[in-house]
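Novice: Now for the letters of each chain:
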Amino acid sequence: MLIDSGSPGAPATIGISLTINGEVRELQVAPWTTLLDLLREDLDLTGTKKGCDHGQCGACTVLVNGTRINSCLALAVMKDGAEIVTVEGLAKHAGQDGAMHPLQAAFVERDAFQCGYCTPGQLCSAAGMIAEGHATSREEIREAMSGNICRCGAYTNIVDAIEDVMHAGAAR
Amino acid sequence: MNRFDYVRPTTVEEAVKAIGSAANARFIAGGTNLVDLMKYNVERPERLVDITRLPLEGIEEHEGGLRIGALVTNSTLAYDERIQNRYPLLSSAILAGASGQLRNAATTGGNLNQRTRCYYFYDEATPCNKREPGSGCQAIGGVNRIHAIFGTSENCIATHPSDMCVALAALEAQVRVTGPGGERRIPFAEFHRLPGDTPQYDTTLKADEIVLSVDLPDEGFAGHHTYLKLRDRLSYAFALVSVAALVRLDGNTIGEARFALGGVAHKPWRNAEAEAFLTGKPATRESFEGAAEIVMREAKPQSENGFKIELARRAIIRGLTQAASGTPQSQSDKRIA
Ligand SMILES: Cc1cc2nc3c(=O)[nH]c(=O)nc-3n(C[C@H](O)[C@H](O)[C@H](O)COP(=O)(O)OP(=O)(O)OC[C@H]3O[C@@H](n4cnc5c(N)ncnc54)[C@H](O)[C@@H]3O)c2cc1C
Ligand code: SF4
Ligand code: FES
Ligand code: FES
Numbered sequence: 001m002l003i004d005s006g007s008p009g010a011p012a013t014i015g016i017s018l019t020i021n022g023e024v025r026e027l028q029v030a031p032w033t034t035l036l037d038l039l040r041e042d043l044d045l046t047g048t049k050k051g052c053d054h055g056q057c058g059a060c061t062v063l064v065n066g067t068r069i070n071s072c073l074a075l076a077v078m079k080d081g082a083e084i085v086t087v088e089g090l091a092k093h094a095g096q097d098g099a100m101h102p103l104q105a106a107f108v109e110r111d112a113f114q115c116g117y118c119t120p121g122q123l124c125s126a127a128g129m130i131a132e133g134h135a136t137s138r139e140e141i142r143e144a145m146s147g148n149i150c151r152c153g154a155y156t157n158i159v160d161a162i163e164d165v166m167h168a169g170a171a172r
Numbered sequence: 001m002n003r004f005d006y007v008r009p010t011t012v013e014e015a016v017k018a019i020g021s022a023a024n025a026r027f028i029a030g031g032t033n034l035v036d037l038m039k040y041n042v043e044r045p046e047r048l049v050d051i052t053r054l055p056l057e058g059i060e061e062h063e064g065g066l067r068i069g070a071l072v073t074n075s076t077l078a079y080d081e082r083i084q085n086r087y088p089l090l091s092s093a094i095l096a097g098a099s100g101q102l103r104n105a106a107t108t109g110g111n112l113n114q115r116t117r118c119y120y121f122y123d124e125a126t127p128c129n130k131r132e133p134g135s136g137c138q139a140i141g142g143v144n145r146i147h148a149i150f151g152t153s154e155n156c157i158a159t160h161p162s163d164m165c166v167a168l169a170a171l172e173a174q175v176r177v178t179g180p181g182g183e184r185r186i187p188f189a190e191f192h193r194l195p196g197d198t199p200q201y202d203t204t205l206k207a208d209e210i211v212l213s214v215d216l217p218d219e220g221f222a223g224h225h226t227y228l229k230l231r232d233r234l235s236y237a238f239a240l241v242s243v244a245a246l247v248r249l250d251g252n253t254i255g256e257a258r259f260a261l262g263g264v265a266h267k268p269w270r271n272a273e274a275e276a277f278l279t280g281k282p283a284t285r286e287s288f289e290g291a292a293e294i295v296m297r298e299a300k301p302q303s304e305n306g307f308k309i310e311l312a313r314r315a316i317i318r319g320l321t322q323a324a325s326g327t328p329q330s331q332s333d334k335r336i337a
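Those protein sequences? They're chains A and B, same order as listed. Our numbering puts the first residue of the first sequence at 1, with every later residue one more than the last. Our numbering puts the first residue of the second sequence at 1, with every later residue one more than the last.
If you're looking for bench data, these hints aren't it; they were derived computationally from the structure. C-beta atoms are modelled at their ideal positions from N, C-alpha and C, and glycine is treated no differently. Hints may contain errors.
[To be verified] Far from chain A, some chain B residues (derived; all Cβ distances over 10 Å):
1. Arg-82
2. Glu-124
3. Gly-141
4. Gly-179
5. Pro-180
6. Gly-280
7. Glu-286
8. Gly-290
9. Gly-306
10. Ser-325
11. Thr-327
[Claimed, not checked] Output of the computed footprint for chain B on chain A, the stretches with three or more beta carbons under 8 Å from beta carbons of chain B:
12. 31 to 38
13. 44 to 55
14. 94 to 103
15. 122 to 132
16. 138 to 146
[Stated by the list, open to error] Reference excerpt, derived from the structure (chain A facing chain B, CB under 10 Å, subset only):
17. Ile-14
18. Gly-15
19. Leu-73
20. Val-77
21. Asp-80
22. Phe-113
23. Ala-135
Take the sequences, apply the hints, and build the full model.
Specialist: See below:
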């Protein structure tokens with residue numbers, strides 16, 4: 001057994017190690033802490049948003065080992081050893097320290113938001129989707145991005161921005 | 001969420017031991033269903049057994065088919081080249097479900113064992129025989145637009161929400177499991193069950209058994225298949241009705257046809273009589289209508305879901321037509337034609 005938090009009824013916090021936006025963090029977490037709550041409440045990385053807390057909106061999307069997932073449905077303790085990238089680290093992760101990530105620049109250029117609440121999730125999701133490499137046409141992008149709800153309805157411009165970046169071949 | 005303790009075994013043996021070590025312990029894999037249910041207090045496990053470090057992540061050749069490890073994610077499976085080439089129905093059904101993010105986290109074993117999306121099941125404040133046996137079924141006579149039209153009982157009318165499982169039913173996969181009683185293989189049709197008097201049980205998997213793999217037979221019907229999913233919005237929504245159709249043709253004559261329906265029963269729904277009816281018939285609309293007729297004879301609507309009968313009838317006909325003509329519906333193609 002790699003880890004055993006103890007007998008039933010006597011749960012303890014568990015030590016885990018996460019690399020978050022390039023920085024190694026040794027953390028003590030209660031097993032019921034979601035990755036989203038760890039990021040927002042404990043680490044003050046509030047760029048990642050809580051929309052629904054149930055996997056239904058995509059606002060909490062982050063990259064875990066390069067793969068996009070909903071951080072609201074992930075228990076932090078289960079991600080022990082993983083590399084996490086949030087919207088705060090997206091540009092740095094793409095080697096763009098100091099500048100915006102190409103997707104961020106394209107979102108600004110294309111006016112791909114109104115209130116901005118869904119935007120961090122949209123950005124991380126788009127970065128993950130481009131890395132997956134399965135979507136090329138506009139229809140495929142729309143389908144692959146359907147896990148990100150935008151209550152303001154900025155969808156058309158979001159797809160425009162993603163297409164710009166995909167065609168420029170610059171995203172990572 | 002309730003408080004629980006957490007164990008992370010590295011072998012199947014340790015995992016099986018751990019699940020038996022506390023009443024009400026649960027395996028957790030992708031967590032996309034279990035964590036959600038825990039947030040609603042529908043699941044209150046005392047202990048979580050994190051199985052993500054078990055060696056169940058491979059897709060291997062097996063007895064002419066493929067053996068899919070229980071931890072293979074829905075995305076990995078859908079985009080695996082062997083699956084896309086040999087079992088394109090399975091790829092398509094998986095890609096019809098949930099979202100890119102959820103499929104990246106969701107696993108094969110978790111998808112099989114996901115629970116119903118019945119609103120009352122999710123709402124602690126209402127009676128529900130599945131959540132609390134003997135408390136009643138609020139969906140009967142209540143809000144039941146998404147509920148079953150086949151195989152219901154007076155105790156539960158819930159549906160199984162998976163898309164992947166509908167394809168696996170049509171492909172006649174087997175589920176390999178193990179537990180204190182040893183390893184066994186369950187034919188897919190016997191894995192999920194009807195609610196009957198014990199709607200608290202979704203499957204025939206025992207509480208102390210773990211799914212190891214899903215085994216696909218060699219025949220994948222790669223030339224003639226489709227997965228058609230009908231729902232309230234075009235993506236990121238559960239099926240109201242779906243159909244997984246597979247056809248083998250001799251010229252224009254149907255050598256074999258299989259089709260399973262999703263969103264209409266407590267398990268992927270197949271009808272042997274309707275499939276047998278098609279054998280030897282020409283691959284025409286008339287034949288497909290005849291098969292749909294046979295299936296729908298058994299349908300029993302609830303107060304709000306009568307529309308599913310006509311929807312399912314048309315889905316069967318369109319699904320079989322697409323499969324026979326070798327024109328599967330792409331999950332990015334939202335045109336109805
Ligand atoms: C917003 C939303 C939309 C969705 N839309 C769809 C959809 O359209 N179509 C669809 O098909 N699905 C859909 N899903 C459901 C999704 O497919 C499932 O949540 C997912 O497949 C579950 O897999 P998991 O690995 O995350 O399971 P977990 O949440 O980890 O586990 C689910 C259950 O399976 C058990 N379990 C897991 N692995 C094993 C094993 N190896 N052996 C025994 N028991 C095991 C667990 O104990 C638990 O009871 C949706 C989910 C969400 C949140
Ligand atoms: S249909 Fe089944 S799951 Fe839904 S309320 Fe009735 S018993 Fe519960
Ligand atoms: S907050 Fe995670 S999907 Fe909505
Ligand atoms: S910009 Fe407001 S929700 Fe998307």
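Novice: Run every hint past the structure and note whether it holds.
Specialist: Results of checking the hints against the structure:
no.	hint	in the structure
1	Arg-82	16 Å, holds
2	Glu-124	15 Å, holds
3	Gly-141	27 Å, holds
4	Gly-179	18 Å, holds
5	Pro-180	18 Å, holds
6	Gly-280	38 Å, holds
7	Glu-286	33 Å, holds
8	Gly-290	34 Å, holds
9	Gly-306	27 Å, holds
10	Ser-325	21 Å, holds
11	Thr-327	17 Å, holds
12	31 to 38	holds (count 3)
13	44 to 55	holds (count 3)
14	94 to 103	violated (count 0)
15	122 to 132	holds (count 4)
16	138 to 146	holds (count 7)
17	Ile-14	7 Å, holds
18	Gly-15	12 Å, violated
19	Leu-73	5 Å, holds
20	Val-77	6 Å, holds
21	Asp-80	8 Å, holds
22	Phe-113	19 Å, violated
23	Ala-135	8 Å, holds
Checked against the numbered hints given earlier, this structure breaks hints 14, 18 and 22; the rest are met.
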